[in-house]
Amino acid sequence: MLSRVANTLYWMRRYVERADQIARVVDVNLDLAFDRAPGDVARLWGRLLPALLPAPAWAQVEHARTGGALTDLANVDAVASCVAAARENARQVRQHISGEMWERVNGLHLALNDPARRAAWEERPHGYFQTVREGAALFDAAVHAGMARDEGWYFVQLGLFLERAAGTARLLACQLRESQPAVDADMALDEQLDWICLLRACDALELYRRRYCAELRADRIVRFLIEDPLSPRTVRYALDEIARALATLAETVPSQPPLTLASAVTSTVDASRSGASDPRAAVSAIEAECGRIHRTLYETYIDHRRQTVT
Amino acid sequence: MPRDESASAIFERYTLGQAYDEMFEGAGRHRPHYAGIHERLCMLPIEIWQERQRAADVAFLTQGITFTVYGQAEGVERIFPFDLLPRVVTAAEWATIERGLVQRITALNLFLRDVYHEGRICEARVVPWTLVRQCRHFRRGMVGVRVAHDCYLTVVGTDLVRRPDGRFVVLEDNLRVPSGVSYMLANRQIVKQVYPQLFERYHVRPIDHYPRTLLSHLREIAPPGCSDPNIVLLTPGVFNSAYYEHTFLAHEMGIELVEGRDLLVHDNTVYARTTSGLERVDVIYRRVDDDYLDPVAFREDSTLGVAGLFNAYRAGRVTIANAVGTGVADDKAVYAYVPAMIRFYLDQDPILDNVETYLLDDVRQRAFVLDHLGELVVKPVGESGGYGMLVGPHSTAAQRDEMRGRILANPRNYIAQPTLALSAAPCLVDGGVEPRHVDLRPYILCGRSITVVPGGLTRVALQRGSLVVNSSQGGGSKDTWVLGA
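Chains U and S, in that order, give the protein sequences.
Residues in the first sequence are numbered from 13 upward in steps of one, following the numbering used here.
Residues in the second sequence are numbered from 3 upward in steps of one, following the numbering used here.
Hints may contain errors.
Unchecked claim - Distance windows between CB atoms, simulated:
#1 E281(S) with T260(U): 19 to 25 angstroms
#2 K194(S) with E135(U): 36 to 42 angstroms
#3 D432(S) with E112(U): 32 to 38 angstroms
#4 N472(S) with G303(U): 46 to 52 angstroms
#5 E53(S) with Q142(U): 24 to 30 angstroms
I should point out that these hints are in silico values taken from the structure, not numbers from a laboratory.
Since the model is a prediction, treat every value here as computed from it, not as a measurement.
Glycine residues also receive a C-beta, built at the ideal position from the N, C-alpha and C atoms.
Just need the whole structure built from these sequences, with the hints factored in.
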């Protein structure tokens, strides 16, 4: 497979996942904002926006913190530009993806740029984000149904799970910046809402309830999001998928030195199970490892300019 | 216009002009091969047609069949306007076209071999040497280069127009990197999808073997001794206006779509950078102009090409299709000599005529043209896509003056032709059916043999009365049906 194609497939999937994630976070927070005191809403956005948007876009929505104008178009643009980027990547590798995949991502792009729908966003933001989330889910279904499990598939998987692991870590870091998870269950209502927001933003509230019942305990939530190996939204699950994809790639493309997960991260994730380790340290180790995998992936498979002709 | 009372109101605004009409042979009398379409047009209300037309437009958009228009501040992605009513060509008409094209391409290929080797045709004073050597697309570096199987032309898209007497004549030979074939294939797919009933009374010859045929011809012209060639399609990249077509063809042929930055040349061998290292490339179907192929040999500012590619090609280590330097044979001044080439190389009379052409470096012809700018069409010799041309009858005095200045500054750079009354075909326009001018671009594929695919791209000048069909100038297209015998 051409290096450029592998790179493009990887980014295509990353951008769809990122669009889905931003849509989910904004949607969930808009929803729960009705249950909060006005001042608390501003605090919430001030905390979340840096995690979601690049710095310039963040400056644009600064006024949203005080004005309570939660339906700022910048949030819409962040989602739409991720979808546009995913679609542009898909357009460049159309022969490597199924027609169905293309039509899903192109259809989502067209829908988000439809002027009527952009106007409706002011009225009913939830509908807008629902479009994004459904579009991403349909795209994912098309990926599963239509892609051969060859090299390209594994680059797509790496894009998805690196973005997911990094995204979950980012949201956790945001949350932990303000509150250290308490062991006992006594939480103020606002604080409970924060943790529910986090779980829902990670699409993991239902998974958490099935695992632990509805009782909210911050330490459990952090551990669950980091280490649960069976729930597909956790860091552990994503890292397992990444490790699997890397191992298979190393077999498919044998001339390359194999790339693996750093054992440090695996042990960090495992260590958080004991409850003894510092969750903030665990989260930054995860973020650093996602960055390292991305860079090494690039050097190993994409930009191997130094390779000589044999 | 219809005197025939039974005809529906749908034809109310249909007027017959001087041009040949593809559907009607006289007021109210349709040609026999249009009977099926005519009947359906009379039968169904316009709303049904409009709804099908909308369905077709949506299908183009969702499938991403778009092209980019340049000239605005940034390229705008558009769908190629499509008209649902097919253009029908009879089996007898096609037989003539097919024979004529095979003859013409054979002669052009021999001409290319000749001008880059012995130059017999110039020695015999049939084509002037100066004319050939002055061509912007003549590649000195190709002189004496042995091209695999002497096949210079692999893909050709010849533009035909129909004169008022019904004869098809050749307007242009596109011998460099002709585009548009994906629209030919997509148009057929979409008519099948949105209006299958249209086919009911017709036996339309299939065209969807085009990519497979192209692939097999590309295999045939692999470098000698290469039994299982690695074939790639080289695109200028995602910003090229025909990018959709490049991805489509690569996909249909099952070959890799590469950009210049994916390739490198080492020891006169071309390689692609892959996840598992470097992979040898044997045949390049390029959709990049000569000028941009290799920054070392041609334009050094090109970032689309591959350094060293031309040397690898000259050493016979890789096949490039179409060959480098074919532009010399589709120069619009050289075009005037194609009938003479056919007589010279094949000792035959041309089956398809040329359009009468004035060469402006001839003093007498130039004087005539400058006196008649208001009636003629003037084209730059080395351009394509309808850029830089003047359509006399539709021009302003200022435009004519500007053209006069340009001709006098560089007469060799322009040719003139009479303004042709291109034939007109029925199109769905604003709630009715109206005639619009059309041309026809069939695609010819060559390797060790020549295949003329039965069909082509019918391009439509969608503005009422306009004669310019180029997609870059607001033209659209139709599906083209060649009927079986």
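Structure versus earlier hints, numbers of those that do not hold, lowest first: none
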